[in-house]
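Trainee: The lines below spell out each chain.
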Amino acid sequence: QKEVEQNSGPLSVPEGAIASLNCTYSDRGSQSFFWYRQYSGKSPELIMFIYSNGDKEDGRFTAQLNKASQYVSLLIRDSQPSDSATYLCAVTRIAGYSTLTFGKGTMLLVSP
Amino acid sequence: DAGITQSPRYKITETGRQVTLMCHQTWSHSYMFWYRQDLGHGLRLIYYSAAADITDKGEVPDGYVVSRSKTENFPLTLESATRSQTSVYFCASITGTSTGELFFGEGSRLTVL
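Taken in sequence, the protein lines are chains A and B. In terms of the numbering used here, the first sequence opens at residue 75 and continues consecutively. In terms of the numbering used here, the second sequence opens at residue -9 and continues consecutively.
Okay, chain A solo, but in the shape it has when bound (with noise of 0.2 Å):
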């Protein structure tokens, strides 16, 4: 059974702070991994993808990678209360071609 795991939360932290999103994954044949963001009433948007071990920088978006310790995780930097939404991690093992399997996701807050 793949499993992806992801504190619930909510992570609250105030405007203008770093919140940091963490994601395990039991599945070692996983390749590619996504961080999806969902706002309350719609549905996911893909804002972060990472192949490789290391970071991965967007704009205010880091994306980490550790494949040996099986841990993806999403840094906001400068959070802003729009930032304020459900981050769900998802993996899969060939990036386009397989299904993903997601995780609960995690609530972040950002209060002003």
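Some clues are possibly wrong.
Unchecked claim - So the derived label-pair ranges between C-beta atoms look like this: (1) B/G30 / A/K76: 15 to 23 Å; (2) A/R167 / B/E96: 22 to 30 Å; (3) A/G128 / B/R7: 50 to 58 Å; (4) A/R134 / B/V55: 42 to 50 Å; (5) B/R73 / A/G128: 42 to 50 Å; (6) A/P186 / B/S(-3): 36 to 44 Å; (7) A/K76 / B/S18: 26 to 34 Å; (8) A/R134 / B/S18: 29 to 37 Å; (9) B/S74 / A/L183: 23 to 31 Å; (10) B/M12 / A/S100: 31 to 39 Å.
As the list claims (entries may be wrong) - Covered by chain B, per the in silico footprint, the following chain A stretches (three or more residues, Cβ under 8 Å): (11) 110 to 123; (12) 174 to 185.
Think of the hints as simulated: they come from the structure by calculation, not from any bench. This one's a predicted model, so the numbers in the text were calculated from it and none came from an experiment. We put the CB at the ideal spot given by N, CA and C, even for glycine.
Following the hints, complete the assembly by docking chain B onto the known chain A.
Mentor: Just chain B now, kept in the frame of chain A:
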């Protein structure tokens, strides 16, 4: 507009009735998926399809039927709805590129009384 459209967006039905949720995509993506999302369970895969006439079970397929006679359509049928099938259902398709981004429809909220 291009994308994935789901219908109906909201549906209330009674236990034992048959319900079909429609999904239509305009990109000609090969892979399409049906997920359900419930509090405490997150997104769970019901069925997926790699191409027309090719479907396969996901994590929670019991009580659901799918078909894919055309690439662009992937309907999900609940043959005899149960209260436990009350959920938000998302249809999604994947680009098939190295990015592997999953695009979601807006969701269909189903309530079974």
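Trainee: Confirm or reject each hint.
Mentor: Here is how each hint holds up against the structure:
For B/G30 paired with A/K76, a C-beta distance near 18 Å keeps the hint of 15 to 23 Å intact. A hinted range of 22 to 30 Å holds for the C-beta pair A/R167 and B/E96, which are about 28 Å apart. The supplied range of 50 to 58 Å is met by A/G128 and B/R7, whose beta-carbon atoms lie about 52 Å from each other. Against the hinted window of 42 to 50 Å, the Cβ-Cβ separation of A/R134 and B/V55 comes to about 43 Å, which satisfies the hint.
At about 47 Å, the CB distance of B/R73 to A/G128 agrees with the hint of 42 to 50 Å. Hint check: A/P186 to B/S(-3), Cβ distance near 38 Å, so the stated range 36 to 44 Å holds. Checked against the given bound of 26 to 34 Å, the beta carbons of A/K76 and B/S18, roughly 29 Å apart, stay inside it. Look at A/R134 against B/S18: about 34 Å separates their beta carbons, and that is inside 29 to 37 Å.
Range check, B/S74 to A/L183: Cβ separation about 30 Å, and the 23 to 31 Å hint holds. Taken as a hint, the range 31 to 39 Å holds for the pair B/M12 and A/S100, whose Cβ atoms sit roughly 34 Å apart. Under the rule that three or more residues need a Cβ within less than 8 Å of chain B, the assignment of the region 110 to 123 of chain A holds, with 7 such residues. Coverage of the region 174 to 185 of chain A by chain B holds [criterion: at least 3 residues with CB-CB distance below 8 Å; count 6].
When the structure is compared with the earlier hints, no violation turns up for any of them.
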